[in-house]
Amino acid sequence: MTSRTVTLLDVARAAGVSKSTVSDALQGSGRVAEATRDRVRAVAEELGYRPNSAARRLRRASTGAVGLHLPATATRLDYYMNLAFGAVERAQEDGLDMVLLAPSGATGGRIASRVDGLLVIDPEPGDSAVPGLLDAGVPVVTGERYLGPATGPSGAVVCDNAASLTALLDHVAERGARRPALLAPSGSSAWATALRATAGSWGRAHGVAVTVRTVPFAATPAEAEAATLALLAADPAVDAVICAPDGSAPGVLRAATALGRKVGASSPSGACGATNASGSSGATSTSGAIDGNGRTGEGSRTEHDRTEGDRTEHGGPGNPASPGSTDPAAGPVGAGLLVASCVDGTATRGAEPPVTAVDLRPAAYGRACAELLCDILAGRAAPDTVRRHSWSLETRASTGSPG
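Residue numbers (my numbering): 1 to 403.
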């Protein structure tokens with residue numbers, strides 16, 4: 001049977017049953033005795049039978065494909081590329097092709113005719129394509145919750161962004177920071193919203209001023225550098241900067257170098273000593289689950305353009321320059337600066353010094369989103385299923401953690 005394609009009829013003849021019995025046995029349907037089902041499957045395996053996927057899709061009016069919608073900034077960020085590869089790999093395990101949708105996308109009705117289901121990653125309420133996708137008439141799984149008014153998705157995979165930022169703030173506080181700051185992402189995605197809210201709640205709970213500066217959702221290193229320079233000029237007492245956007249941490253490091261701030265050391269009043277700039281990554285210290293990973297693109301203006309609109313939150317006005325400073329932004333002579341990131345990646349791991357960051361495990365996250373969609377399509381999971389995705393905190397030399 002190796003010289004031509006093995007058919008259902010071949011299996012039926014070899015197993016001594018009807019063609020319909022073979023079909024039911026292999027699909028797990030119909031009223032077929034378990035012994036017969038096992039025998040048919042064994043014969044099919046022995047003969048090398050492979051189901052005709054195209055015919056099977058026609059019978060169930062299936063396209064054999066699912067769509068993937070990413071934020072407009074996706075092509076600039078390692079996070080989304082890794083996520084997409086993970087989603088594609090998992091979909092293929094269920095025999096489904098992955099169709100990458102253009103950010104501007106077709107209308108939901110047209111898309112529904114081409115795919116069996118949709119993955120919508122980090123849906124931003126301001127993204128005009130999202131409502132149509134959620135109402136396309138096919139199962140939809142979102143990566144992070146959608147906070148807009150449109151029809152809800154069929155399921156979601158979420159992480160606990162509040163917990164991950166809390167872990168970062170706790171970590172820099174333990175390393176001696178007394179005046180942390182957050183370069184928070186703009187926009188109204190679940191990820192951005194959770195980070196800004198957590199900075200406020202953490203500051204109130206700890207009685208510590210958390211300076212919040214808003215930067216573009218996908219801020220470049222240059223934009224992060226400008227934001228950090230403006231931040232430290234306005235509040236030189238800041239002794240820890242946590243940057244949210246993926247890949248922006250090197251800009252914070254450049255700003256620290258320009259101002260003579262020693263990365264990996266706390267301010268003189270803190271408890272953290274200097275750290276070798278070439279120190280290696282520390283061990284994973286925290287893990288959890290998220291409630292907003294969202295990473296959609298926002299405007300491009302730099303912090304120099306928005307200094308007046310930014311603010312110091314949750315603890316009062318920014319401190320004046322410390323006595324004895326030659327450059328107000330540089331802070332006290334020998335002042336240190338702890339640096340961390342809300343998103344891990346090549347930019348944080350390869351920085352000098354390596355940057356403490358939250359590893360959101362994007363490839364695994366993409367797999368988890370695709371797996372939930374596959375499970376819903378196959379009836380293995382109920383609609384409205386919500387699953388959690390874990391993260392880890394990787395401590396490195398930029399926060400004075402030992403290598």
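Check each hint, because a few of them may be wrong.
When the alpha-carbon atoms are kept at most 20 Å apart in a straight line, the in silico DMTMM-like pairs for lysine to aspartate or glutamate are as follows [to be verified]:
id, residue 1, residue 2
1, K19, D38
2, K19, E45
3, K262, E352
4, K262, D375
5, K19, E34
6, K19, E46
Derived by calculation from the structure, the hints in this document are not laboratory data. Just so it is clear, the structure is predicted and the values come from calculations on it, not from any experiment.
Violated constraints from the hint list, given by number and in increasing order: 4
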